[in-house]
Amino acid sequence: MRNVAVLTLAGLREALRDRLLYSLLGLGAILLCVLALVAPLTLGARDKTFHDAALAWIHVSAMLAMLVMGAWNLHRERERGIWLSVLTRPVSRQEFLLGRLSGLLGVLGLVIGAAALIYLLIGWATGVPLLPGLAVGLLYVFLEMSLLAGLVLLFSTFTGFAMTLFLALAVFAAGHLSADLLRFAALTESGFLRALALGAHWLLPHLELYRVRNSLVGGSTPAPDAVLAALGYTLLYFTALVGAAAAVFARREIR
Amino acid sequence: MARSLALAALSLVLLAFAQLGQPAPLIRQQEMRRPLEAVMLGSEALLADYYWFDLLQYFGGYRLGQHDLAEFNPRVERLLRLDPSFHRATLFAAVVRATDMQDPQGALRWLAWAERANPDEWIYPYEQGFFQYLWLENYQEAKAAFQRAGRCAGAPPAWRHFAARISELGGDPAVAREMWLQVADTAEHPRVREAALENVRRLEAILLEHSQERLTASPPSTS
Numbered sequence: 001m002r003n004v005a006v007l008t009l010a011g012l013r014e015a016l017r018d019r020l021l022y023s024l025l026g027l028g029a030i031l032l033c034v035l036a037l038v039a040p041l042t043l044g045a046r047d048k049t050f051h052d053a054a055l056a057w058i059h060v061s062a063m064l065a066m067l068v069m070g071a072w073n074l075h076r077e078r079e080r081g082i083w084l085s086v087l088t089r090p091v092s093r094q095e096f097l098l099g100r101l102s103g104l105l106g107v108l109g110l111v112i113g114a115a116a117l118i119y120l121l122i123g124w125a126t127g128v129p130l131l132p133g134l135a136v137g138l139l140y141v142f143l144e145m146s147l148l149a150g151l152v153l154l155f156s157t158f159t160g161f162a163m164t165l166f167l168a169l170a171v172f173a174a175g176h177l178s179a180d181l182l183r184f185a186a187l188t189e190s191g192f193l194r195a196l197a198l199g200a201h202w203l204l205p206h207l208e209l210y211r212v213r214n215s216l217v218g219g220s221t222p223a224p225d226a227v228l229a230a231l232g233y234t235l236l237y238f239t240a241l242v243g244a245a246a247a248v249f250a251r252r253e254i255r
Numbered sequence: 256m257a258r259s260l261a262l263a264a265l266s267l268v269l270l271a272f273a274q275l276g277q278p279a280p281l282i283r284q285q286e287m288r289r290p291l292e293a294v295m296l297g298s299e300a301l302l303a304d305y306y307w308f309d310l311l312q313y314f315g316g317y318r319l320g321q322h323d324l325a326e327f328n329p330r331v332e333r334l335l336r337l338d339p340s341f342h343r344a345t346l347f348a349a350v351v352r353a354t355d356m357q358d359p360q361g362a363l364r365w366l367a368w369a370e371r372a373n374p375d376e377w378i379y380p381y382e383q384g385f386f387q388y389l390w391l392e393n394y395q396e397a398k399a400a401f402q403r404a405g406r407c408a409g410a411p412p413a414w415r416h417f418a419a420r421i422s423e424l425g426g427d428p429a430v431a432r433e434m435w436l437q438v439a440d441t442a443e444h445p446r447v448r449e450a451a452l453e454n455v456r457r458l459e460a461i462l463l464e465h466s467q468e469r470l471t472a473s474p475p476s477t478s
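Residue numbers (the numbering used here), protein chains in the order written: chain A, 1 to 255; chain B, 256 to 478.
Do not rely on the hints blindly, as some may be mistaken.
Claimed, not checked - Pair by pair, the computed Cβ-Cβ distance ranges are:
no.: 1; chain 1: B; residue 1: Arg469; chain 2: A; residue 2: Leu41; range: 44 to 52 Å
no.: 2; chain 1: B; residue 1: Leu265; chain 2: A; residue 2: Leu182; range: 20 to 28 Å
no.: 3; chain 1: B; residue 1: Leu265; chain 2: A; residue 2: Ala125; range: 47 to 55 Å
no.: 4; chain 1: B; residue 1: Gly409; chain 2: A; residue 2: Leu20; range: 38 to 46 Å
no.: 5; chain 1: B; residue 1: Leu260; chain 2: A; residue 2: Leu130; range: 42 to 50 Å
no.: 6; chain 1: B; residue 1: Pro329; chain 2: A; residue 2: Arg183; range: 18 to 26 Å
Said to hold, decoys possible - According to the in silico footprint, chain B covers these stretches of chain A (three or more CB under 8 Å from chain B):
no.: 7; segment: 37 to 51
no.: 8; segment: 159 to 167
no.: 9; segment: 207 to 216
Just so you know, these hints were derived from the structure itself, not from any lab. For glycine and all other residues, C-beta sits at the position ideal for the given N, C-alpha and C.
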């Protein structure tokens, strides 16, 4: 476990040196300040537009952090031979993978936490009331993006930077649109296509489970059983992704 | 490697069991989305906010006499389909449709749609009560709408008063005056408040006329 902790800390330190993190946070802060300034133009919908923009910004920042920082850092470590130098020490491949993964999750928590803090500060300074259920909204963003982190990790074990980025983004987008596959399966007359669409639907992550931001701003918080279902689903899917990544990584030749 | 594969396989099997055990897929069944909405990846409300700004600009153009309101309804429906819980937009659009466009039936359809999408919100049936009473003079529907609003948490206590007054004096200008006063008290936009107060003055004139008619009507002679 000590190895995993060391690798996690190294991943966090690497992220803190990345300018992308500060750019994302700075851009979001500017956006929220501008929104607070143009409040009279919203004709009474200031709070809603502020919360919508803040939650969307947190979501996009977390997604970009996982996609770009996650994929890029893993790729850069491999290119610089860091993987090899770490694995020649008494560190197993599973430990290495877990360390990188927990580093990614740490970065995710850091991005979401910092963005939420900026959001709360600007909201407090401009008199926007606190969004009820904000903690649940942030938890859902964390859960959704942890699946993206798992996807980035899985793809980075067998492809390069560009392909990791493309595949993770493609699966992420498809995961949000997987309901359309059900509709396609219901519409098509071909049995093969129906089976294919249903198979893809069950295999893709059901990211629509994490669509709670609109209802939170609308005033309704997800029920506790829905939160538990989302937690359980994330845990199982995440474990499957990590297991697959570990299986691929165990066979990978590292030079 | 075997352990990792076993772990992945076990998780997938558990996921499959969990999903097959559901009476319906875990994901929500939603209407087919347009491409722009689909790529928002769960942040459609942000697009709805943009449509809200666009709607306000469009209405501003109409108020300045630059164009008519021909494109108003499609803009509102695009916005409400994307974010059915956008209360401010729904109420604003309903008022504009009932007043500037002289189409209270259309405004009621939007409010009824919003009520179906947000069954716990009192504001939609409450507003329908006003629209039914003040524009359509449909007193039974107005009373039913106020009673539906009363069943939602947080409804203002005035619904009881209105429902009772409609039962007692349906169609009486005094009830309409009270409703317009309520509209004026709660209006956030000066134009809405001004229009409501104008109606209050008009109804007060009618009420004064009625009372003068009663006074001038000669009492039956006792001699």
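(Q) Which constraints among the numbered hints does this structure fail? Numbers only, ascending. (A) 8
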